[in-house]
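Could you slot chain B onto chain A? The hints should help.
The primary structure of each chain is shown beneath.
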Amino acid sequence: MSLTPRRREHVTVTRRDFLRWSALASGGLTAPWAVRAAGAQTAPKRGGTLRVGFYIEAATMDPHLSGSKIDRQIYHNIYEPLLTLDTNLGIKPGLAESWQLVDAKTLVFKLRRGVRFHDGTDFNAEAAKFNFNRMKTEPKSVRKGETASIDTVDVVDAYTIRMNLKRPDAALPATLTDRAGMMVSPKAIGERGAELERNATGAGTGPFQFVEWVKDDHLLIKRNDNYWNKQGGPYLDQIRYRPIPDDTVKLQSLQAGEIHVMDYVQPRDVAAVKADKNVVVLDVPSLADFAYQLNHTRPPFDVKALRQAVALSLDLEQIVKGVWLNVGVPANGPIPPTSWAYDRSISFIKRDLARVKAKLAEGGKPGGFTFTMTTNNIPINVQEAEVIQAQLAEAGITMKIKLVDSATLLSDGNSKSFEMISYQWSGRPDPDGNTYQFFRTTPGTSLNWSGISNKEIDAILDKSREASTQAERKRLFSQLTRLLQEELPMVFIVHPIEPKAFSPRVQNYDPVPDGMMRFKDVWLK
Amino acid sequence: MGRLVLRRLLATIPVLLLVSGGVFLLIHLTPGDPIDAMMAESVDATVKENLRRELGLDRPLYLQYVSWMGRVLQGDLGRSIRNREPVIENVGRRIRPSLQLAALAMTISLLIAVPVGVLSAARRNGPVDRAGTTFALFGICMPNFLLALLLIFLFGVTLRWLPISGYVDPLEEPWDGLRALVLPAVTLGLALAAVVTRTLRASMLEALAEDYVRTARAKGLSEGAVIRSHVLKNALIPVVTVLGLQLGTLIGGAVITEYVFALPGVGRLVVDAVFARDYPLVQGVVLLIAVGFILSNLAVDLLYGWIDPRIRPR
Chain A
162 MSLTPRRREH VTVTRRDFLR WSALASGGLT APWAVRAAGA QTAPKRGGTL
212 RVGFYIEAAT MDPHLSGSKI DRQIYHNIYE PLLTLDTNLG IKPGLAESWQ
262 LVDAKTLVFK LRRGVRFHDG TDFNAEAAKF NFNRMKTEPK SVRKGETASI
312 DTVDVVDAYT IRMNLKRPDA ALPATLTDRA GMMVSPKAIG ERGAELERNA
362 TGAGTGPFQF VEWVKDDHLL IKRNDNYWNK QGGPYLDQIR YRPIPDDTVK
412 LQSLQAGEIH VMDYVQPRDV AAVKADKNVV VLDVPSLADF AYQLNHTRPP
462 FDVKALRQAV ALSLDLEQIV KGVWLNVGVP ANGPIPPTSW AYDRSISFIK
512 RDLARVKAKL AEGGKPGGFT FTMTTNNIPI NVQEAEVIQA QLAEAGITMK
562 IKLVDSATLL SDGNSKSFEM ISYQWSGRPD PDGNTYQFFR TTPGTSLNWS
612 GISNKEIDAI LDKSREASTQ AERKRLFSQL TRLLQEELPM VFIVHPIEPK
662 AFSPRVQNYD PVPDGMMRFK DVWLK
Chain B
-2 MGRLVLRRLL ATIPVLLLVS GGVFLLIHLT PGDPIDAMMA ESVDATVKEN
48 LRRELGLDRP LYLQYVSWMG RVLQGDLGRS IRNREPVIEN VGRRIRPSLQ
98 LAALAMTISL LIAVPVGVLS AARRNGPVDR AGTTFALFGI CMPNFLLALL
148 LIFLFGVTLR WLPISGYVDP LEEPWDGLRA LVLPAVTLGL ALAAVVTRTL
198 RASMLEALAE DYVRTARAKG LSEGAVIRSH VLKNALIPVV TVLGLQLGTL
248 IGGAVITEYV FALPGVGRLV VDAVFARDYP LVQGVVLLIA VGFILSNLAV
298 DLLYGWIDPR IRPR
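Going down the list, the protein sequences come from chains A and B.
Here the working numbering is used: the first residue of the first sequence is 162, the next is one more, and so on.
Here the working numbering is used: the first residue of the second sequence is -2, the next is one more, and so on.
Worth flagging that the hints you see were computed from the coordinates, not collected in a lab.
Being a predicted model, the structure only gives us computed values, none of them experimental.
Just so it is clear, CB atoms sit at the ideal spot from N, CA and C, and this is done for glycine as well.
A portion of the hints provided could be inaccurate.
Quick list of simulated restraints, FRET-style, between CB atoms [to be verified]:
1) B:Glu51 <-> A:Asp619: 40 to 50 Å
2) B:Leu147 <-> A:Ile507: 29 to 39 Å
3) B:Leu292 <-> A:Arg207: 50 to 60 Å
4) A:Val375 <-> B:Leu96: 16 to 26 Å
5) B:Leu147 <-> A:Asn294: 35 to 45 Å
6) B:Glu51 <-> A:Asp437: 47 to 57 Å
7) A:Ala433 <-> B:Leu168: 33 to 43 Å
A few chain B residues facing chain A, derived, Cβ under 10 Å [unchecked claim]:
8) Asp30
9) Ala42
10) Glu51
11) Asn80
12) Glu86
13) Pro94
14) Ala204
15) Glu207
16) Val271
17) Arg274
Okay, chain A solo, but in the shape it has when bound (with noise of 0.2 Å):
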């Protein structure tokens, strides 16, 4: 795979983490790993509190109604979807114990049973139709879009239920991974209303359940004595969620022993955690791509030659060491390494200066051109922006700047007012979410904000939800990949790795691709 050597500063680190990377994306690595593999032949010792750090609090505890990211992290803990991934970023029993694909329109999820809310309610197949009617019909739902593909949800039997689609969506499964397969205590839903959002109490299944939030400050989490899965944890007494926006405090309260747990490192900071030994790093491979759009639908890049020459321009790796500091890999299209549809035989774009002459020509500039790149105004973004800059002034391209904060940047995206555009999406676990609502033709507002129309890409698009193994959906995202790499709706830059910082007394983190920190069998030494 095209992996670019990391630094050689903290060898055994590095190799070993090169060695998960790899084992990731070639489907090798099942079995969970301690953080750093310390003390993995010690017994696991119940109690503490595990303190966590994010940049920013939740916005609201109901996974029905939730559009950010940070809520997911405790949802993870609280709340249990029917499927969940593993490390391989595999699909396995969640609150559904087994699913079977009966024909291409119809899914039939087996319950697990003796399963209870924290309410002390039973889960079983009422209560999961509830909630798939919750998420399709509820005008407050942000779900409908990914449960779009759902037709009806029938009750079976008092443990089954089966679902009719409208049509096929082999990426159904990997979507019910998350919060649209999130199970919510229909009890707590009845009684509590609006209020569920701020008071997750009884309201989910998960090793964990809700105690308190006090909005600004905290919120905290208790172990679920009760829970169904007798196997590992929870082992934490409690976990107790605090928000502090600013990276480099974060980290300081890490190295001071405040909290135990970060969720981001910055890159510029990766080198001097790792070699701080009261901080354990874990590098996790994510499932983002960070890329620009390109807008077909306006000149300069309604010529598919200019777009190739920019392409062409851009020396990725020199990107990857010198922006990313190698916390990242560079990227051959929307499909990260960490996925089991990544194609590694597909190199990523290289620079070839001589080909940008001849596509600027072919493009009818041949003494280069000049546009404008929005992006956001980060530090990691703005020096980006900058090295890009002068990659493609060696080509005799010129590329403005425009910084702008990021609700700008959407609203310029959405409305397709740019030319270049900065596109960091977190991705997903099924390769469908980084493809299809990127590059399927869509008219009025999508994420299609290229606006790339192409008939053989639709047409791969739609083959890859109606395929049934994943060995042809494989085939058809590499055939994608490559067509992308043609069409260039996009130019693809990095997949990011998003590295997690511990104190050395957490134990037995099995990190996921999705980023999710999930804390069912970790413990404090």
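This is chain B only, laid out in the frame that chain A set:
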């Protein structure tokens, strides 16, 4: 006195109208949209449209302003778009840490500035004055965030005497609460002390050159008594002005300090609200901050009269 207060309060009405209209226009004309910002990763256009309609964001701007103003006049500042809670509740939660921080920072600044300023002026061009002036220059030049990080590094990480970040209410847990507020209050207090020191020194020097000071000295009063009962009180007017203006800034504008120390204050609330284009929250908070500014300036005006009977209203 009562009439003065009433007159001043009436004069605030056009100010508040101007502020509310200005903020409303500015935030609505800023590119970006609260629904897009809230649901950045959602593609469902109908959900977004429904939300927009529900919040009335699809109506013409002037209608939105009129209906917002109508509700404000009835004491309803609306609900935050992001967390769907009443604006007043959001502010209520945030105002306490801000007020406590402002009070502590102001106390620290006065504890430093008054002795340093007085000594600097009394021993003009002496070593104390030079040290004081240097300190003031340092305090003014030092950026808040840098000072904050240095303090955190020294007292939080290296010595581990004080917590690095977070907030505990000193009214509930006095010891832990004060410990949590010390570093941010020192960060703000040092910069403020620098400004106050310079102002106090300058106005003291001016007062020291007045004829009545020479008279007081000629009467045989000790230098300490001259400064205490004649110079200091007369030198206080500019200082009180500075403090009054700074109080408003401390409550609504201590954004960086609140951010670095993870303090849930009003400054951070308004900045986060702007980034999220949370219109009702931005409008409500700015309006309340404006009210705060007006009240603190009114208090300053009343203090003038107490300090200097000559400017007392008749």
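Does the Cβ pair Glu51 of chain B, Asp437 of chain A satisfy 47 to 57 Å? holds, 49 Å
The hint names Ala204 of chain B as touching chain A; please verify it with the least Cβ-Cβ distance against 10 Å. Violated - the Cβ of Ala204 of chain B stays beyond 10 Å from chain A, reaching only about 43 Å at its closest.
Given a hinted range of 35 to 45 Å, is it respected by the beta-carbon distance of Leu147 of chain B and Asn294 of chain A? violated, 56 Å
If you take the shortest Cβ to Cβ gap from Asn80 of chain B to chain A, is it below 10 Å? holds, 6 Å
Lying within 29 to 39 Å: is that true of the beta-carbon distance Leu147 of chain B to Ile507 of chain A? violated, 49 Å
For the pair Val375 of chain A and Leu96 of chain B, does the Cβ-Cβ distance stay inside 16 to 26 Å? holds, 18 Å
Closest C-beta approach of Pro94 of chain B to chain A relative to 10 Å, hint status: holds, 8 Å
Given Arg274 of chain B was flagged as interface, is its beta-carbon under 10 Å from a beta-carbon of chain A? Check passed: Cβ of Arg274 of chain B comes within 5 Å of chain A, closer than 10 Å.
Status of the Glu86 of chain B interface restraint (C-beta, 10 Å, chain A): Glu86 of chain B check passes; min Cβ-Cβ to chain A is 9 Å, inside 10 Å.
Mind checking the hinted window 33 to 43 Å against the Cβ distance between Ala433 of chain A and Leu168 of chain B? holds, 39 Å
Have a go at the Glu51 of chain B hint: is there a Cβ in chain A nearer than 10 Å to its own Cβ? holds, 8 Å
Kindly confirm whether 40 to 50 Å is satisfied by the beta carbon distance between Glu51 of chain B and Asp619 of chain A. violated, 33 Å
Consistency note: the structure conflicts with the earlier hints numbered 1, 2, 5, 14, 15.
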